[in-house]
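Start from the sequences, fold in the hints, and give me the full structure.
Number of protein chains: 2
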Amino acid sequence: MKRYERFADQLATLMNSGVLAPGERLPSVRNASQTHGISPSTVFQAYYLLESRGLIEARERSGYFVREPARARDAAPLLTPLEGTEVAVSDLVYSVLQSLQDPDIVPFGSAFPSPDLFPLARLARSMAHGLRDLPAQDLTAYVTPGHPELRRQIARRYGLAGMPEVGEELVITHGALEALNLGLQSLTRPGDLVAVESPAFYASLQVLERLQLKAVEIPVDPERGLNLDALEEALSRLPIKACWFMSGLQNPTGVSLDDRAQQRLYGLLQRHQVPLLEDDVYAELYSGSEPHRPVKRFDRDGLVLHCGSFSKCLAPGYRIGWIAAGRQAGAVARLRLMTTITPSMPAQAALADYLQHGGYDRHLRRLRLSLDRQRQAMLTAARRYFPADTHVSWPQGGYFLWFELPERVDSLALYRQALAEGISLAPGPIFSAQQGFRNCIRLNCGHPWDARSEAAMARLGELLKAL
Amino acid sequence: MKRYERFADQLATLMNSGVLAPGERLPSVRNASQTHGISPSTVFQAYYLLESRGLIEARERSGYFVREPARARDAAPLLTPLEGTEVAVSDLVYSVLQSLQDPDIVPFGSAFPSPDLFPLARLARSMAHGLRDLPAQDLTAYVTPGHPELRRQIARRYGLAGMPEVGEELVITHGALEALNLGLQSLTRPGDLVAVESPAFYASLQVLERLQLKAVEIPVDPERGLNLDALEEALSRLPIKACWFMSGLQNPTGVSLDDRAQQRLYGLLQRHQVPLLEDDVYAELYSGSEPHRPVKRFDRDGLVLHCGSFSKCLAPGYRIGWIAAGRQAGAVARLRLMTTITPSMPAQAALADYLQHGGYDRHLRRLRLSLDRQRQAMLTAARRYFPADTHVSWPQGGYFLWFELPERVDSLALYRQALAEGISLAPGPIFSAQQGFRNCIRLNCGHPWDARSEAAMARLGELLKAL
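Top to bottom, those sequences are chains E and R. The first sequence begins at 1 in UniProt numbering and counts up by one. The second sequence begins at 1 in UniProt numbering and counts up by one.
Since the hints were made in silico from the structure, they are not lab data. A hint or two may mislead.
No distinction is drawn between identical chains; accordingly, a pair holds when it is met within one copy or between any pair of copies.
[Stated by the list, open to error] Cross-link-like lysine to aspartate or glutamate pairs, in silico, EDC-like; alpha carbons within 20 angstroms at most:
1. K465 to E407
2. K465 to E404
3. K2 to D301
4. K241 to D192
5. K465 to E454
Below you can see the structure in the form of structure tokens.
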């Protein structure tokens, strides 16, 4: 693919996702050439290609404009939130993720902390030991719930955290996202309703989209968490088949449910016999004085499918997660066998060794301290540079801050302008099936704070004030 | 779970899958106790539990019998094959795979060659090098089609085999099964018809089941391969959305399509504009004088989604496969991002290093020779011990032999009897949505031949003659 075709495709993706809206003017050839570091003729070729595809149109003396799509937006069915919303956020998410490919971009929009915070060299040693100790026949032993020692180590950590015994129901998965996919699939059929948070982790909306499920969005207050009154009403009125919630360090707000709220939540689930898919991937990043424990700890009858992962706290890219799947353990194991068979054995062996000998708890203490420092630095910068009427969450851990900007701010416009200046961010609409939260953004403070971070916050502040 | 509960569950699985049929007598307590090495009281407790669940019944002085299921089998809708068959083979497959967990079982039913045939120590060295050279930020760089050097090496092998350039359309996946899942999902919606082989790789039937697709079974002749007349008729009469075929060393028959047949197949696909998901995981195990090349080589317009893997020829358990996805490359990459995000980075890095420095072609030559020897040994044993009216395939590589046994043989009964004597095999009905091929079995000759293999073939021969 030629450079101009790639650039045209990037623009087409932005149009698809609504980041470049119909009627909007494209940057001038000269501007685009400077912003993207490509020659004016490359820009011109790209615009010409997009025009030939009917995506943009030239208007005399005023440049290129995004055309109205052939299928009018109004034709789409409008469902009220409580009847379930069909989910179609993927285009927008994809364009945000693509923007992070470039290492020169300030990664405030990233979903990950800096890889420099992880003990990668120590993990490589564990990989060598793990592979040495792995019996050859285990490489083709497929109908298992996972590497036995890894399962033992994970079950042990549940026990040490005062949780009920999960040994039997534990299935190792290819990251938490596979765990959540398989868990949800084991509980639903296409067309079913699933209660999700609003705002929610965007991948949960993508999974619903893929499985042709409908989202019932339950509001999350950035300070108090999930609105349990709204959930209670939804569970009474609608045939909800499953809930997908995060009780700790919710993504994107960072809020955690307190004990009382968790107990009430579990009571609701029990009364309606609706299973909970509990996404708990930030569990180890909670830095309150006591560890935050998930709803799963109340679960005596297998109603909670509790999902965890090493991707955010130890070993990104290894793709090892798990699910304590309660009643669904057998169904999840079989679904996994039909789709990915087993997680990568070397990665499982490496993590089993690391959990035994690597000093995981020491690493976690250091990691939490780094994230605390960085979160503090970002909060300080936001106070300094952002408009006074900005609200920001104060999460007790993790590496996300959720900003409610002044009502007038359109976060998609901000996203576009910031990106043109080399700063990525996650705009509010990607966290909602209905593309709400237009004046919100999620910023990642998982990277060591430096002059570039400070300058990027200052620049965001200027853009905000100009909007 | 207690021992007797586990044993009861094993039996329930066998009943579910039809291996233990309604009306059939269970082994006596004494027999079961000896066969499974558990105490008679454990057997008795298990039978008692199954009785309390209504699955079996005691008849005076004659023992325990499997009860008729509440939902009569006759109530299921009977579709003719050409209108598409709903797929439900998972129970049976699962019970076959479970039987292979025990290392004392002769693994004739296995889907894998012996792990001893793979260069595991050399791969571990490549893992160390690969991890050392992997840039930390690549661990969280998610929106990519895979490890760049690994993609380059795979594309290079296509080129060396005289195939068209696939660089741009190549997506690395978590094994070939994920590639096939995502490829098929990108092409279909629930309810669509998909043409599959009959007999077919059982996982393809499971994938159809999971995606709620309907199978149109196209017969495969163990000597000539896919029946292209039947395919032509099906494509003209039915709105088939995709085909899923293996052109080389088809699983389970081992047959490969010759050049002329491949050309005719591609012509049919083009005429009807129906995409082909080409499952080519045994490509490197073909031991004819010329390499066998896939249908993909004719593809100039992105109609063929060609799937490969390292699991059968180099690195089982690493879970690295790929898809040259033609027109669907973008859709497949995005579906992957919603389900498993990225294959395990350490495994990708290890294979990238191995392909550069590990001596892959030398390993493959040795592997093919070993498999040739073992296949020959199994064929010789079959001639010696099996009934004279047995037909067996003569594949040009790989590690499967497909036996058509005398008509009177029920391979499920044989499977059950052989398993009780410590020999696993893959019964014909798991390779068919309609559970046909009752008198066929697939045997795995991928393990170094020894006295135990010889004795197992002799015993299978005796069981066959007694049936």
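Hint check results:
For the homomeric pair K465 and E407, the shortest alpha-carbon distance inside one copy (12 angstroms) is at most 20 angstroms, but the shortest distance between copies (82 angstroms) is not. Taking CA atoms no more than 20 angstroms apart as the test, K465 paired with E404 passes inside one copy only; the shortest distance there is 14 angstroms, against 78 angstroms between copies. Only between protomers do K2 and D301 lie at most 20 angstroms apart by alpha-carbon distance; the minimum there is 18 angstroms, versus 57 angstroms within a single protomer. Taking the closest pair of Cα atoms, K241 and D192 come within 20 angstroms of each other only inside a single copy of the chain (7 angstroms); across copies the shortest separation is 25 angstroms, beyond that limit.
Proximity of K465 to E454 under the C-alpha cut-off of 20 angstroms is restricted to the intra-copy arrangement: shortest distance 17 angstroms within a copy versus 81 angstroms between copies.
In summary, this structure violates none of the numbered hints.
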